[in-house]
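K.L.:
In order, the protein sequences belong to chains A and B.
Heads up: the first sequence begins at 1 in our numbering, then just goes up one per residue.
Heads up: the second sequence begins at 507 in our numbering, then just goes up one per residue.
No lab work stands behind these hints: they were computed from the structure.
Be careful, since some hints might not be right.
Residues from chain A shown here face chain B by an in silico Cβ test under 7 Å; the list is partial [said to hold, decoys possible]:
#1 70
#2 146
#3 153
#4 197
#5 200
#6 211
#7 215
#8 283
#9 284
Here the structure is a predicted model, which means the values were calculated and not measured.
Every residue gets a Cβ at the ideal spot worked out from N, C-alpha and C, and that includes glycine.
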Amino acid sequence: MIFLHADTPAWMLFPIVLPLIAGLLCFLFSRRTFVIALAAVLANFLVVCLLIYQLLVFGSMRCHMGGWQPPLGISLRTDGPALLMLLMTAVTGLAITLYARGYFSYRIFDPPRAGRHQRQQRFFWPLWMLLLAGLNGLFLSNDIFNIYVTLELIGISAASLAALSGKPASQLASFRYLLISLLGSLTYLLGIVFLYRSCGVLDLDLLQNLSNNGPGVRAALALMSVGLLLKTALFPLHFWLPPAHANALAPVSAILSALVVKGSFYLLFRFWFEIFPSTITTPALNFMGTLGAAAILWGAIQAMRQHRLKLMVAYSTVSQLGYLFIAFPLARVDGSAQLWSIVIFMALAHSCAKSAMFMVAGTVFLHLGHDRIKDLSGVRATLPITVFAYGIAGVSLMGLPPSGAFIAKWMLLSSSLASSQWWWALVVMSGSLLAMIYVFRVMSRFFVIPEGVSFIRPAPFSPLLEWPALALALISLFLGLVAPWPLHILSQGSTALAQSFPGGLP
Amino acid sequence: MRRTRNRHKRLDGFQRLFLLLVICLTALLGAILCTIHGPTPGLADAVAQFQEQSGVESPVTAVLLNFRGYDTLLEVMVLLLAVIGAWSLTEAPFPDQITEISPVQMGAVRLLAPVMCLVAAYLVWQGSHLAGGAFQGGAILGAAGVLLLVSELPWLRSTPVFSLRIGLVLGPLVFVGTALFCLFFTGDLLGYPEGTAGWLILLIETACALSIGLTLASLFAGGRPEDEVVLEHKPVDQSFNGERS
C-alpha cells in the first residue's frame with residue numbers, strides 16, 4: 001500500500017484522473033454537475049500548485065504508467081514549460097468554469113428557451129471536463145503515441161463543444177473544425193508511423209537521445225508539424241478558426257481560443273526545439289517566422305474589418321498566434337531557453353487576455369442580444385466591470401508595459417535586433433499598432449452614449465458573469481510584474497536556461 | 507464513358523493541380539518509407555520479454571491493457587465522448603407510431619440476439635490468450651444493439667435513460683476505478699498487484715465490452731433518447747432569482 005508524500009511522482013496523475021472522473025460523473029448525473037466540475041477544477045488547481053512546489057524542491061520528475069519503464073511503457077514527466085502550461089490551463093479553466101455557471105444560469109432564466117439552455121448546460125460540463133483531462137494529459141505526456149490519443153480526446157470534445165449552441169452556422173463551422181482536426185490528427189499519426197519505423201521507440205526522451213537525422217525522421221517531423229499547424233491555425237491554415245470560435249457559446253469560445261490551440265502549439269514547439277533540434281534547418285525556421293508574420297498582419301487587418309465583436313476577437317486570436325511563431329527564427333541566436341520564455345509568456349498572457357475578452361463579448365451579447373460593433377454604444381454605463389475587463393485585456397493584447405505580452409514582445413524585439421534581423425521587430429511593432437486600432441475601435445463604442453437615452457437601469461447580472469473576466473484580465477496585466485517567478489519555474493530542470501540567465505532574471 | 511460524363515464531374519484546374527500534388531506527396535512519402543533501413547527492432551522483443559508478467563497470454567491484450575493500458579483508458583474515453591457529442595447535437599429519430607414487427611424479423615431477432623451476446627462474451631474471454639478482447643466483443647454487442655434498433659422493438663423506447671447512462675459510463679468508470687485501485691496498492695496507475703493482473707484485466711474488459719457495445723448502438727441510434735428532454739425540466743435554480751429581481 002502506498003501513501004502520497006510530497007515527493008511522490010504519482011501526484012502528476014491527478015490533473016488527468018480528476019477531470020476524467022468528474023466528466024464521467026457529470027455525464028451520469030443531471031443535478032449538481034456544476035458542483036462536481038467546480039470541485040474537480042479546484043482540486044486540479046491545488047494539485048498543479050503542489051506539482052510546481054515539487055518541481056522547485058525536487059526537480060523534474062517522471063511517472064511510469066503501470067510501473068513499466070520506457071521503451072515498453074508510457075511515462076509522464078513534469079518540467080518547467082509543462083507545468084506553466086498546466087498552471088495556465090488550471091487558472092483559465094477555473095475562471096471559465098465560474099463564468100460558464102453564470103452564463104448558463106442567466107440563459108436558463110429565459111423561460112421560452114429554458115429547455116434548450118438546460119440541455120446545453122447538461123452536455124457542456126462532461127465535454128469540458130473531458131477536454132480538460134485531455135489538455136492536462138497532453139502537457140504531461142512523454143510518449144508520442146499517447147500524445148496522439150490526447151489530441152483525439154481534445155479534438156472530439158472541442159468540436160462537440162463548438163457545436164453546442166445548435167445554430168446552423170455553428171454546426172457548419174464545428175463540422176469543418178472536426179474534419180480539420182481529424183485531418184491534423186491523422187497526419188500526425190502518419191508521422192508517428194514514420195518515426196516508429198525509423199527509430200523503433202515512442203518515448204520522447206529516448207527519441208531525443210537517439211538524435212536520428214535520417215530521411216524517415218525528417219518526413220515524420222514534416223508530417224507531424226503540418227498536422228499540428230492545422231490544429232494551431234497558423235496563417236494559411238487558419239480559415240476554420242474564426243467561424244468555429246465566433247459562433248460557439250461564449251464559455252466555449254474562451255476555452256477554444258485560450259487553451260485548445262495552445263496545446264498543439266506546445267507540442268510543435270517541443271518537437272522542434274527539444275526532441276529533434278538537429279533536424280531543423282534555418283530555412284525552415286525562417287519559413288515559420290514568415291508565416292507567423294503574415295498571420296500577425298493578416299489576422300489584425302481582418303480583425304479591424306469585422307462587424308461583430310466575437311469575430312473580431314476570433315481574428316485577433318489568428319493574429320496573436322503569429323507572435324508565437326515569429327520567435328522561431330530567433331532560435332539560431334538565442335538557443336531554446338530564451339525562446340521558451342518568449343513563447344510561454346506570450347501563451348500565458350494571451351490565454352488570460354483572450355478568454356477574458358471572449359467572456360466580455362458573451363456578457364455584452366447577453367446584455368444587448370447582439371454583438372454588432374457599431375451598435376455597442378452605452379455599454380459602459382450598464383456594465384462598467386465588463387468594460388473595464390475589456391480595456392485591461394485589450395492593454396494586454398496590445399502589449400503595453402505592465403502586461404505579460406509586453407515582456408514577451410520586449411524579449412522578441414531585443415533578440416531580433418541583437419541578431420540583426422530587424423524585420424521581425426518591425427512586424428512585432430506594426431502588429432501591436434494594429435492591435436491597438438482594433439481594440440480601440442470597440443472601446444470607443446462602449447463609451448459613446450447616444451443623446452436622449454438615459455442608461456440608469458443597472459444590468460441585473462450575476463457577479464459570475466463579470467468578475468471572472470476581470471480577474472483574468474488583471475492576471476494577464478500583472479503577469480509582467482511577476483515575470484521573474486514564471487521564469488524561475490521555467491529554468492527548473494533545464495540547465496540551458498539557468499546558464500542563459502546567470503546573474504538573475506531580467 | 508466520355509459521353510456519359512457531364513460537365514460538373516470534370517475536375518477544374520485547381521482540383522487537378524491539387525490531385526497532382528497529393529499524388530506526388532504520396533509517392534515521395536512512399537519512397538522515403540522504402541528507404542528507411544537499418545536496425546529498427548521495434549518493441550516486439552520487449553513485449554515478448556515481459557509477456558510472463560503481464561497476466562495474459564495474448565501479446566496484443568498485454569500491450570493494450572497492461573503495458574500501454576493508459577492509452578486504452580483514454581481511447582475508451584474517446585468512445586464515450588463520441589456518444590456525448592452525438593447526444594448533445596440531436597434527438598434520436600424514432601418513428602412516431604409503433605409499427606407491427608413481422609414474425610420473420612422477430613424470429614431472426616430472437617434467434618440472433620442471444621447468439622451474438624454469447625459470441626461477444628466468448629470473444630472477451632478469449633482475449634486473454636488469442637485474438638479478441640473488449641473492442642471485438644463490444645463490436646459484436648453493438649451489432650446486436652443495431653439489430654434490436656432496426657427491428658424497432660417497443661421496449662427500447664421505454665428504457666430508462668439513467669440506466670442507459672450507467673451502461674455507457676460503466677466501462678470507463680470501472681477502468682478508472684481499477685487504475686486508481688492499482689495506484690493505491692502498488693503506487694503505479696494500472697500497475698496491477700502481483701498475481702491479480704489476469705483477473706483485473708478480465709474485469710476491465712467485460713465492463714468495457716458492455717459499454718463499447720452500448721456506445722456503438724447509441725451512435726447508430728443517432729442521438730439522445732427522448733426522455734432526456736423530459737428529464738431536463740427541473741425547477742430553475744432559485745439562487746439566481748434573488749439576484750435578478
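K.L.:
Give a verdict on every hint.
P.N.:
How the hints compare with the structure:
no., hint, in the structure
1, 70, "10 Å, violated"
2, 146, "6 Å, holds"
3, 153, "6 Å, holds"
4, 197, "5 Å, holds"
5, 200, "5 Å, holds"
6, 211, "14 Å, violated"
7, 215, "5 Å, holds"
8, 283, "18 Å, violated"
9, 284, "17 Å, violated"
Hints 1, 6, 8 and 9 from the list above are not met by this structure, while the remaining hints are.
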